[in-house]
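Going down the list, the sequences are from chains A, B, C and D. Residue numbers for the first sequence follow our numbering, so the first one is 1 and each next one is one higher. Residue numbers for the second sequence follow our numbering, so the first one is 304 and each next one is one higher. Residue numbers for the third sequence follow our numbering, so the first one is 630 and each next one is one higher. Residue numbers for the fourth sequence follow our numbering, so the first one is 986 and each next one is one higher.
Rather than coming from a laboratory, the hints here were simulated on the basis of the structure. Check before you lean on any hint, since a few could be wrong.
Claimed, not checked - Pairwise CB distance ranges (calculated):
#, chain 1, residue 1, chain 2, residue 2, range
1, A, Arg-86, C, Phe-764, 30 to 36 Å
2, B, Ala-612, C, Ala-741, 53 to 59 Å
3, C, Ile-644, D, Ser-1376, 46 to 52 Å
4, C, Val-665, A, Phe-61, 38 to 44 Å
5, D, Arg-1369, C, Leu-834, 35 to 41 Å
6, A, Arg-86, D, Asp-1215, 46 to 52 Å
7, A, Arg-86, D, Lys-998, 21 to 27 Å
8, A, Tyr-166, C, Ile-644, 42 to 48 Å
9, A, Leu-267, C, Arg-794, 20 to 26 Å
We put the CB at the ideal spot given by N, CA and C, even for glycine.
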Amino acid sequence: MELLDWSLISSTIRMVTPILLAALGGALCARVGIFNVGLEGLVLVGAFSAIVGNHFTGSLFLAILFAALVCVLFSLLFAYMTIGLRANEIVVGVAINFLALGLTTFALRAIFGVKGAFYDKEMAGLPKLDIPVIKDIPVLGDIFSGHSPLVYLAFIAAIVLYLFFYRTVTGFRVLAVGLSPVAARSLGLKVTGLQVLAITMCGILCGVAGAQLSLGQVTMFTEGMTAGRGFIALVAMMMGQSHPLGILASSFLFGLMDALSIRLQGLSLPTQFTSMLPYVLTIIAMFFVKEKSQAGGRGQSSR
Amino acid sequence: SAGGSSAPADKAEGQAAGQEGAAKKRIALILPEKIGVNPFFQQMDEGAKKAGEEFGAEVKSIESTDHGAIEENLRVAVAENYDLIITSSFESEDALKKVAAENPDKNFAIIDTVVDLPNVRSVTFREQEAAYLMGAAAGLATKTNKVGMVVAMDIPLLKKWTGGFQEGMKATNPNAEFLVNYVGSFSDPAKAKELALLQASKGADFINGAAAVGDLGVFEAAKEKGFFTSGQDVDRTTIDPEHIVLSQLKGTDAAAYETVKSFVEGSFKPGVVTYGLKEKGVGVTYVTHESKTPLNAFIGQEVIDKVKAINDEIVAGTRKVPDSFE
Amino acid sequence: MAAIRELCKSLVQPILAVMIGLLTGAIVIAAVGESVIGTYQEMWKGAFGSFYFFTSTLARATPIMLIALGLALAFRAGVFNLGAEGQMVLGAISATLVAIYLPAPGIVKMLAGLMVGIAVGGLWSLLAGFMEARFRIPLLISTLLFNYIAVLFASYLVTEPFQDRTGSAALAQTLMLDKSAWLPKLFSGMSVHAGFFFAIAAALLLFWVIRFTPFGYEVKMLGQNPLFARYGGINQIKVMLTGMFASGGLAGLAGTVEVFGSHYRFVDGALTVPNFAWTGMMATLLANSHPIGIVFTSILLAAFQTGAMGVERNTEVPLELASVIQAVLILFISAKFSYDWWKKRKAKGGESHGAA
Amino acid sequence: MTHRLEMKQMTKKYGEFTANDQVSLTLEAGEVHAIVGENGAGKTTLMRMLYGMEQPTAGEILLNGKPVSFRGPNDAIRNGIGMVHQHFMLFGEFSVAENIVIGYEPKQAGFFRRKEAVEKVSALSEQYRIPINPQARVSTCSVGEQQRVEILKVLYQGADIIVLDEPTAVLTPLEVKDLLQTIRNLAASGKSVILITHKLQEVMEVSDRITVLRGGRVTGTVSRHETNVDDLARLMVGRELEELSQRIPLEGKRLLHVDQVTVREKQTLLDNVSFAVHHGEIVGIAGVSGNGQSELLQVISGLRPVQAGKIHLAGADVTNKSVESIRQAGLAHIPEDRYMWGTAKQESVEENALMGYQRKPDYYRRGVILRDAFRQVVRGWVDRFAIKTGSRQLQELAGNLSGGNLQKLIVARELGQETPLLVAAEPTRGVDIGAMEYIHQALIEKRNSGDGILLVSSELSEILALSDRILVMYKGRIAGELARSEATEEKISVLMAGGNVHGSDQRAV
Ligand SMILES: Nc1ncnc2c1ncn2[C@@H]1O[C@H](COP(=O)(O)OP(=O)(O)OP(=O)(O)O)[C@@H](O)[C@H]1O
Ligand SMILES: Nc1ncnc2c1ncn2[C@@H]1O[C@H](COP(=O)(O)OP(=O)(O)OP(=O)(O)O)[C@@H](O)[C@H]1O
Ligand SMILES: [Mg+2]
Ligand SMILES: [Mg+2]
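So here's chain A without its partners, still in its complex pose (with noise of 0.2 Å):
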């Protein structure tokens, strides 16, 4: 049928990944106990830094690289904000949104002389990689294969995120911070450079996030070009109770959803209701994944 062909699930992976790597690096500032609601912000921040790289450099690959520094920078100052001058982290994040949006703004006339985008036609965007043996599979090829390579760094950042956190000593003391500061102090563990090693990695995955979206979805950036997405990864952080996997899941749910609403447009319901499907059904999906949440003993809101 017209809904579900399978392009939709291509497409969902696209859209999906700069959630995704935006709602890991939420996940990892949750860890540590900090609510960073300036992923927003952060994800801007690596667009644009991404188009200037590249614009600079040619080199697609330094210009990841100089998104991801910059974010980097502006986690340092939102880490060194919450952590060493004990602002409050919802503040500074929602600081850190403005300044992203009005930063580049000015950056981008300051830089390239152009208000509101900035789109060069001989610029090169991220390669679609085409995966070997499963680029040639009928169903699976058009889904999984042809996509930029930050799509696949995306989920490998994922596992990644997972056997870090479950497998190395330095996530599992990235953990031990976020469950009890009081304890990780007292037993002389370097809670501040946890939680500043964990705001960095945050900033990589922000930069990383911006730079698919500005590089990989297209090629250009535009004012706001984030258009709400680092929210949507608050949301699916929180979802995925801040677990890699989960995150994986709960974005996936989301750009389905999404998704499917564009579908919906052309059937006789109005745009808003269409709109509205994704949140309304991430919202009844809650009511299933709450079972889990308890076990996860992290409700702090829930008690």
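Given the structure of chain A, go ahead and fit chains B, C and D with the ligands onto it with the hints provided.
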């Protein structure tokens, strides 16, 4: 330089001295939003500035951060004694109605909508006419009988575009299927691109972009998948002539330019001015306006000729394009 | 004597923060080659430069303050309500529709509108609270998601069934309210309207509730240790739901007074674009959820906005830079520079703070 | 001669308040050194300085003769000092082994070798004869097990000096016995132990030397052989202890009636429990922790729903009623975990005291809490129970009170409710012997005035001293009941372990 605020006093004195011609006219252009990604406002800004330079007026454009700021900016502009205050769009209607009525001696202009007051000049566009031509061209050119349109948001304002386009398409090709999708944002090229890809996968071979900056995403999709597309406001075909084959034009710059010009030259009159196909205030490349790029074969001269004929009918008034759509 | 020292100490923090913020802003302004003093002058003038500007700052502070006060109660109860935006929008649209279509004299329309605005905002918020209490769906998520739903729903109402079709019909907006139902302006020709009084009254009321009443005590204890509260016989669900209702209701009131006192009709996007909700949340957090503090932080944050408008009008500093300066100021004000911080800084000679 | 540890003239001031005043102390290898003193005497504070958690205002710490200064627990750990905190510093989500090795994990290329951790922990547990299941999740462990985890952690970190701050307060008698044995083993293997406790028998059992603190100063250091419990008590409290009041024989009506109550949550926590408390009666509940006592109290006080059965209080059916209505029906409650249930640490003493009074007619008029009137009352409690609140008095944060003083505040608050029924869980946990005596006295007085008390305590001596009747819980049931006259420690212990005792007719109701 931060001399802005001390200026009004001097200027006011200058005027009081009564040298009409010698004192530079001061004109404020109050935009209802941030210029941001909106080419409509960008053009207006440029048009007004250009006229200011050419005719020796001081033009200051002021962006409003949000709805609530419009009225305040208008009031401050009155207080700072600008000679002419131009604003724009439906969003400013309420505010201008109030401020203009309270200041009957001031001159105001509003672009893109009508405020019926004795001291206001209104300039409006009949975009639906251009959209109609665009739709007509699309209906004629499509080979798959599927035509797409990616629209920024499902809001009444944009019905002029979707409605006009659809009417035009139906007029030339009643069998064509019209696919429309909404991005839900004026600044989301990534999603716009996905929507275009979706429409292409459903078989659309021509997809009209009306998603503000999202159009760039549509263009990219066209390049990737090889369908044809069109842009808005200015001649976009230059970006990628192979795939961007038409552009729907709107002379906001001209409107601003003319307003400033007439004011400086003393021919400024309150009342309503509308720009449609007839006045060449709106149009479509190749049909009503020249383009720097050669015509793409997908459209072809034959189609253009037919659309030109439609244009002539509209101009002559024999073919009617409705004002509003449901 | 000791009290004065304490006071000085507590003042060091905000003063230092504003100074550092202004300094950073100055660097940005200087970097683009504009006059630092001039820009700040315009900023000041835009916010407080004349009675007119002062009142428009107060007008802008009004919805921020109301939202912030609502959130303060929720935050104190340990309930994190991220849904002020949706609550505000839904409250405002309902209030507007009631005031337009209720066949009654103006004053009745207005009062009914205000009540409905509070009730609908409150109920929408309560729904999220109920879902948390009954189904354990975390508020943090549901309130965030509810924003999208509310905003889209309001948008639908003004694009389809209740759109104003009398004029050009090009905007998604309702009809205009009867003049008789408008909230009076406090001074003619100035922007500040009676909604500001509501906000101040709400602040005082909230201060009284928090400071003196058992309910205020219970809210505080619930926020500090929910188990202790439960043990002590505080009905945490009742308090949580009351907190949610109050915060949603005040957000609804914020949207309503903004419509009834400034816009006079509900315009799609007019309440969301200015970011009242997030600004309100910042005002609360900066004031540490203290009602009287909120009055000041709201005015401060509003002043940043009106100040930025002044900068936009009167200097060549681009608008986006004004917003950068605004963000920088907020960043630093949120920081807890303490007297100790200053001493430590000096002692350590700026040794870096906790880098990895 | 150098000591393993020497603390010299340690002083710690919190603002105007001096918590430690020139305290000096030495510790030798293989020694068990007990520190005793009243609540708020400064024991914990002294240890926190040793462990690097607080910076001394003045004084010097010498390790093996060399001066050291610790900027954080990290430094202390590295220098072989380990501390077992009273409220454990454990991660409930993690396994026992993970909790022990954290900070010093066995690893390879950055990867955490959990298997090796388990092996190491097993080896360690054998070496010191501290049994533990390394793979169990800590949140599922009993308090005693958690404490062993803490001790093993300290040993794993290579501590030579082990500080135990009131380790026995939360343990059952059996667990206490094990712990004391462990302490002796540790000392025998050359470790030095500092033991803080209020239980003087324990002190006499394991320690070599004893230092007594009072009001932040050392009042004396004695060798165990030169002293006895009474002398120590006198040194601590500065006066003789008194006998408990006589109990008046009373035949009261039934006040609390628990009837066939069952609680299930994955497994059955309470199984058909029935008993009653009458006016003028103290009913003691004994049992190894984890056998349903906590759940029983929570059920009675409305913090947990029952799946079957009925509870009546003062004639009213309070089954599954809200805490508020149960309290109104006549219940006050001293919670077993004072930090989790009993306080808001970040709030002042006054705010903590106010809980439950905020809507009482005496302190609430025309919508407003009558703060002044209430403050008078709290001052009364502070005086009566000798609660040391520090320099800011009623405005001191509850979290800054010493453990015992906080406990006294809670006891005062709940006694002050003057309800017919008092549910008292571990009412003297962590309080010094002087205060314990006072609290016991207050409980008896309450009983004599005709009120009923349900007492849960892991301290058998406390149960025996106070109860008119004793119920023993085992696996969620009432395993037996003993009258005051027939109860002995032995009989109770047998019942607690699931055995049978003759002479206990099942007249629970
Ligand atoms: N952070 C703090 N701020 C202010 N006063 C404090 C702080 N910590 C402890 N105190 C005070 O220092 C005194 C000594 O406290 P400490 O915890 O050392 O007593 P303690 O001997 O361990 O008592 P307990 O037997 O009750 O545990 C107490 O009166 C306490 O109120
Ligand atoms: N969770 C708890 N429930 C009941 N009593 C507790 C709990 N935690 C600690 N205590 C009691 O508190 C007293 C000690 O409290 P205190 O605040 O002095 O902590 P501490 O063991 O000294 O730890 P720290 O050194 O971290 O303060 C002990 O007598 C102990 O019985
Ligand atoms: Mg202690
Ligand atoms: Mg203590």
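To see whether the hints hold, each was checked on the structure:
The supplied range of 30 to 36 Å is met by Arg-86/A and Phe-764/C, whose beta-carbon atoms lie about 35 Å from each other. At roughly 57 Å, the beta carbons of Ala-612/B and Ala-741/C sit within the given window of 53 to 59 Å. For Ile-644/C paired with Ser-1376/D, a C-beta distance near 29 Å fails the hint of 46 to 52 Å. For Val-665/C and Phe-61/A, the Cβ-Cβ distance of about 40 Å falls inside the hinted range of 38 to 44 Å, so the restraint holds.
In this structure, Arg-1369/D and Leu-834/C meet the distance hint of 35 to 41 Å, their C-beta atoms being roughly 38 Å apart. As the Cβ distance of Arg-86/A to Asp-1215/D is approximately 51 Å, the hint placing it in 46 to 52 Å holds. For Arg-86/A and Lys-998/D, the Cβ-Cβ distance of about 24 Å falls inside the hinted range of 21 to 27 Å, so the restraint holds. With their beta carbons about 47 Å apart, Tyr-166/A and Ile-644/C fall inside the hinted range of 42 to 48 Å.
About 25 Å separates the C-beta atoms of Leu-267/A and Arg-794/C, a value consistent with the hinted range of 20 to 26 Å.
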